[in-house]
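Peer 1: If you want the building blocks of each chain, they are given just below.
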Amino acid sequence: MRPAESSALASAVQAGPAEAVPLTADGRESRVGAALPMPIGLLAELTHRCPLQCPYCSNPLDLDRRSAELDTETWLRVFSEAAALGVLHVHLSGGEPTARPDLERIVTHCAEAGLYTNLITSGIGQALPKLQALFDAGLDHVQLSVQAADAANADHIGRLKGGHAQKMRFAERVVALGLPLTLNAVIHRGNIGEVEQLIDLAVALGAKRLEVAHTQYYGWAYVNRAALMPARADVDRSITVVNAARQRLQGTLVIDLVVPDYYASYPKACAGGWGRRLMNVTPSGKVLPCHAAETIPGLTFWSVTEHRLRDIWARSPAFQAYRGTDWMPELCRTCDRRERDWGGCRCQALALTGDASETDPACSRSPFHMHIENLAHVESGSSLPPAYRYRAMGRASGDDVSQNCTALSK
Amino acid sequence: MTALTSADVPRLPRGVRIRFDPVRNAHVLLAPERAFDLDETAVAVLNLVDGQRTVGTIVDELTAAFDADRAVIEGDVIEMLGDLVAKRVVER
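Line by line, the protein sequences give chains A and B. First residue of the first sequence: 605, per our numbering; consecutive thereafter. First residue of the second sequence: 12, per our numbering; consecutive thereafter.
Relax, there's no trap hidden among the hints.
When the alpha-carbon atoms are kept at most 20 Å apart in a straight line, the in silico SDA-like pairs for lysine to any residue are as follows:
#1 Lys-98(B) x Val-807(A)
#2 Lys-98(B) x Thr-856(A)
#3 Lys-98(B) x Ala-808(A)
#4 Lys-98(B) x Ala-848(A)
#5 Lys-98(B) x Ala-608(A)
#6 Lys-98(B) x Val-846(A)
#7 Lys-890(A) x Ala-672(A)
#8 Lys-98(B) x Leu-805(A)
#9 Lys-98(B) x Val-862(A)
#10 Lys-98(B) x Asn-788(A)
#11 Lys-98(B) x Ile-859(A)
Output of the computed footprint for chain A on chain B, the stretches with three or more beta carbons under 8 Å from beta carbons of chain A:
#12 25 to 37
#13 43 to 53
Just so you know, these hints were derived from the structure itself, not from any lab. Bear in mind the structure is a predicted one, so any value in this text is a computation, not a measurement. We put the beta carbon where it would ideally sit given N, CA and C, even for glycine.
Turn these sequences into a full structure, and let the hints guide you.
Peer 2: Right under this line is the structure:
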């Protein structure tokens, strides 16, 4: 008698195949096939504005400005449509979502629609002043980012002096209110030696969960890869540390581990499989199958300002492009893991091979796999890694940052 | 972690709740970063998890309701709730 468990934010953890649910709502969609799974999670990037400038930010290089952000009424409609579509968890993210003046209204609306609200926050700026109101509005869970366990190192990575101390005050208040707290730590060369301390910090703060998430190299992290790539031995050590802590802390702290692709044997089912579990709405209203999907040229993304969420999920070209197994190259289509990995990450395939419909090179069966192992080895072995290119608005296009993002293997 | 016993009083903390999902026509347990598909038995157990009843009381009530062997029910309930306690979904 053990309930089947699935990860809500499928990008973070390997998740099993979603249950196929027929589209029954209004018959109009019947031509897309009777077994289209409905999304369980919606990642709402309410804004790209953020007080931190982490060099591995998952936001795109070309950040949406405030003037391009959706208005309150549109977001409320999106959440109503999401609930009707079968979404269970809503991840209120950014940038820093508390920068939106309407966040309390959004949480209230989601709670009324039965949606589970997860605040993904830096804990900085308006996060603490707004926390009580969000709690009262029915917020379910807080995921707080931490850049490192050491305050000076954390402030260097996020490029905000005093940022870590603000986060600690915020975390204490979350736990004091009785809200469940998850710490999310993105792991890279600059903090991989602090995994033990991060675990201790999570326990000391009273967090229930800790995500030890090795950097995934898309967007800003791809640009900064040479500065971020950890050495193989340090990665192996971090995994040993996590596994030991999981045993020791059972019933106290749950630790989710995201292993780094460049050292993996098999790829991650990106977002739990393209168009299977998750949808991502950008600040300006574009709906993406994963947060990095805009890096793939030629895909057409529909916007919530022009289409219903249900139609976007079922029929938009971007969601159809890599859904299921028909698009797969021979290597994936004939693979026994094809409905486990779903071919891995399309954005990573594009970035590393120049072709988004290639097998993800994180897969040991990919002909490009040796190439990325070598890249990781060379970059992590450099005694003098490059300085971070910090995330910032308006700096991505036109300079060598975007140039750096073309396929390396060609 | 010590094993769950009959005297423990389990509860669903803030951020964990049961919901009927009309789209999938099933009950789900929503928790931080997780969703659990619930069958009828799991729903029956979790509906009795109220921060008042002990595990022993829950087992008694389920034994009466299902007219089943108490030892079997007890083993199942402790396994299921114990798993959720280990995952920090159910508190005790």
